[in-house]
Structures are given as structure tokens and as C-alpha cells.
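**Q** Read off the chains here:
2 protein chains.
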Amino acid sequence: MLTYYYAANTCSLAAHLSLVHAGAPHEAVRLDFKNQQQRSPEYLAINPKGRVPALVTERGVLTETPAILQYIAQAWPASKLAPLDDPWALAQMNSFNSYLCSTVHVAHAHKGRGARWADDPAAWEAMKRKVPQSVGDAFAFIEDGALRGPWVLGETFSTSDYYLLTIARWLEGDGVDLAKLPRVLEHRARMLALPLVADVIAKQEG
Amino acid sequence: MLTYYYAANTCSLAAHLSLVHAGAPHEAVRLDFKNQQQRSPEYLAINPKGRVPALVTERGVLTETPAILQYIAQAWPASKLAPLDDPWALAQMNSFNSYLCSTVHVAHAHKGRGARWADDPAAWEAMKRKVPQSVGDAFAFIEDGALRGPWVLGETFSTSDYYLLTIARWLEGDGVDLAKLPRVLEHRARMLALPLVADVIAKQEG
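Chain order of the listed sequences is C and B.
With the first letter of the first sequence counted as 1, position 31 gets the number 31 in this note's numbering; the numbers rise by one all the way through.
With the first letter of the second sequence counted as 1, position 122 gets the number 122 in this note's numbering; the numbers rise by one all the way through.
Pulled out of the complex, with its shape left as it was, chain C reads as follows:
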């Protein structure tokens, strides 16, 4: 039995969707970010990073979304959540997921998490002003081809589709010009129409 720690409206949606998709037995535990529950001593004992997601297994705790996503795909291969038999295709999935994690999510985080990278409130405001452009530029790279269609990897559905949906839900809040992202929006709409996706979002945010 796994325990999965998440918070609403965070990147933790991606692996949560993958866990449900895989049929992996798990208990999902919600952290309340508004009350800084991710900074509680109880949670820091589980995940010293003070972030979500964290997946607690019999062998220990796993953090970082790209790593959790491939782990779920490998531990539940019947889920077909990753092209496990093709190292090149798997590398493309991991490349896309790493880009979401280290470039797109990071650009987004400058809207509300500026204190990670500067102590000056004026700098936080400067960071916020740049988010529509920096996130927009990152999504332009996805729009222009990294999202191959119909799924991220082409004909093969994978964890990257859940991860992209997760980050693409932030576009309006990030002030990105949606008119430039028709393919991303079409993918997002198709993902949101999946019953599994609607169910997990309702559970996370209900």
C-alpha cells in the first residue's frame, strides 16, 4: 500500500493521475498549503524538501515528479504509461517531463514563489511581471512540436500527457496569451474530458 501526499492546484496532480490510471493501491493524503502544512514537522519528517508530491512506499520515500512518473510506469507495466521497451522513446518522455519540471514549472513558480530566489519584494514583483512571457515562451516550444499529437509522444499515450495537462491548467493564471497555443489547448480539453481526470481533480479540489 502506497501513500501519496499531494496538494490542490500543484504539480502533484500529474503523478496522482498516473497512480489512479495504473490501478496502484494507494492512500492519497491532502496537504493544506494555505496553512503551510507542507512545513509541519510531521510532513518534514516524511519529505524534508517540504514540497509535494511525495510517494511513500515499502522501500522508502520517492520525490520529484519525473522520477515518480517513470517509477509508476515501471512498477505497473500493464498501465502502459511509458514506452518501457524502447529506451529512446522512454528518453523522449523523460526529456519532456524534465522540461516541464525544470523550465516550465520553474518559470511559473516565479509568480508566487519569488522568495526562493530573492529577498527583495521589488524583485518578486519584477519576476511576476515576466511570467506571462517566460511561461508563454516555454509553452511555445511545446506548441511548436514538443507536443507531437495527438499525444505528447505521438501515437503513444504516456505520463507526459498527465504532466502536460497539470501544468497547462495554470496558463490562465499565468497570464499567457492562449491564442498562440491552439494545440496545447486542444490537448488540454481532450485530457479534461477523460473521466479519470475529472474524478481525480474533483477529489483533489473538492
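Bear in mind the hints are in silico, worked out from the structure with no lab data behind them.
Fair warning: this is a prediction, and the values are worked out from it, not measured in the lab.
One thing to keep in mind: the hints can contain errors.
Note: identical chains are not told apart, hence a pair may lie in one copy or across any two.
[To be verified] Here are the simulated DSS-like pairs of lysine-lysine, each with C-alpha atoms no more than 30 angstroms apart in a straight line:
#	residue 1	residue 2
1	LYS128	LYS49
2	LYS80	LYS128
3	LYS80	LYS34
4	LYS128	LYS34
5	LYS49	LYS180
6	LYS111	LYS203
7	LYS128	LYS111
8	LYS34	LYS180
9	LYS128	LYS180
10	LYS111	LYS80
11	LYS203	LYS34
12	LYS49	LYS111
13	LYS49	LYS203
Using the hints, position chain B against chain C.
**A** Frame of chain C; chain B shown alone:
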């Protein structure tokens, strides 16, 4: 035959070391960042991200260090660069590599790449001032246990050791308090003493 694009003093050292370790036939091509060669039309045609590293294979171009590292390990399994037979251990490697990519490297990048996240030069200066603390905090997490010892994953050498060395070479330039990182420094010294490491660094920076 692979082609590997790198630049001196960047994160592209990690996969370069892994390619040489694996005995993967490749041509290593150096980009001159001082002349913005990563922004040349020729290179952008190869890697539209305008970054390093990029690994060109018969099947296409692969970017993002964590993805390239696992790909090399899988494509050259005799290299034993990753615990491929144990999805949990492999996930720990990928978790560590993702942390280096999305947290540690990102913190470091605020020293010289502030324009990615703000347009205001005063904000860039505020970002620079925070780097010793933000990079130091990220390395404290590594010092306090993510680096298990003697190697990152414990008894098993992996790509994470090359990647950690790569980022740890920036500690002095980032103004981090080295006295707090004896385990990281000991690992770095041990890695730098490996002939393969010395050779590749000399080639990259010679």
C-alpha cells in the same frame, strides 16, 4: 555515431562523462557560449532550446540532462551507470538527478541568468545576492543524506555521481559556505581524482 554538443563550465559535463564512461562512440562538439554560439541559427536548428547539452542520434535529438543520463545507461548497459534492474533504485537515481536539474541548477542559474525570469537589472542583482543561500540550502539537503556515500546511491556508482560532481564544481563561484559541506567536498575530490574525469574536463576546458 553520436554527436554531443557541450560548452565548458556548464551542466553538459555530466552526460559527457557518462558517454566516455560507457564507451559510447561519439563526436564531442564544443559551443562557445561567450560568442553566443548556442543562439546561432545552425545550432538552433539542432536544438531549438538554445542550450546544452544536446545528443544527436540516428533517431533524433535528445535534450535534458536527466533524460540523456538514463538513456546512455540503458543504451550501454555494460557501463553499469544506472541500477537498471531495480525500478525503485533507478527512481532514486532519477529523483536525485531531477533535484539537481530543477532545484540546484536553477538556484545557481539565478547568478548569471536572471534575465530568464525578470527584465529589471535591480531584480537580477537581488537574485545574485540570494545565490549563496539558495544553492547552499539545496546542497545542505544533499550533504544531510541525499548523498548516501560513498556514492550518491550508496554502494552503487551511477550517473548521479557525474552529475553531482558537475554541479558541485560551481560551489566556490556561487559563494556557498564550503565548511558546511564536508561530505560533498570529499565526494567531489574523489570524483576529480578519477582519470576519466580529469581527461574530459581537460578536453572540455582546454
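**Q** Determine for every hint whether it applies to the structure shown.
**A** Hint by hint, here is what the structure shows:
In the homo-oligomer, the alpha carbons of LYS128 and LYS49 lie at most 30 angstroms apart both inside one protomer (24 angstroms) and across protomers (22 angstroms), since each shortest distance falls under that limit. Taking the closest pair of Cα atoms, LYS80 and LYS128 never come within 30 angstroms of each other, the shortest separation being 38 angstroms inside a single copy and 44 angstroms across copies. Neither within a single protomer nor between protomers do LYS80 and LYS34 lie at most 30 angstroms apart by alpha-carbon distance, with minima of 35 angstroms and 44 angstroms respectively. For the homomeric pair LYS128 and LYS34, the shortest alpha-carbon distances inside one copy (20 angstroms) and between copies (29 angstroms) are both at most 30 angstroms.
Only between protomers do LYS49 and LYS180 lie at most 30 angstroms apart by alpha-carbon distance; the minimum there is 18 angstroms, versus 35 angstroms within a single protomer. For a Cα distance limit of 30 angstroms, the shortest separation of LYS111 from LYS203 inside one copy, 26 angstroms, qualifies, whereas the shortest one across copies, 40 angstroms, does not. Within a single copy, LYS128 and LYS111 get their C-alpha atoms as close as 4 angstroms, and across copies as close as 18 angstroms, so both meet the 30 angstroms cut-off. Within a single copy, LYS34 and LYS180 get their C-alpha atoms no closer than 33 angstroms, and across copies no closer than 32 angstroms, so neither meets the 30 angstroms cut-off.
In this assembly of identical chains, the alpha carbons of LYS128 and LYS180 lie at most 30 angstroms apart only when taken from the same copy (20 angstroms versus 33 angstroms across copies). In the homo-oligomer, the alpha carbons of LYS111 and LYS80 never lie at most 30 angstroms apart, since the shortest distance is 35 angstroms inside one protomer and 41 angstroms across protomers. Within a single copy, LYS203 and LYS34 get their C-alpha atoms as close as 18 angstroms, which meets the 30 angstroms cut-off; across copies the closest is 50 angstroms, which misses it. Proximity of LYS49 and LYS111 under a CA criterion of 30 angstroms is satisfied in both settings, with 20 angstroms inside one chain copy and 22 angstroms between copies.
Proximity of LYS49 and LYS203 under a CA criterion of 30 angstroms is satisfied intra-copy only: 24 angstroms inside one chain copy versus 36 angstroms between copies.
Hints 2, 3, 8, 10 from the earlier list are contradicted by this structure; the remaining hints agree with it.
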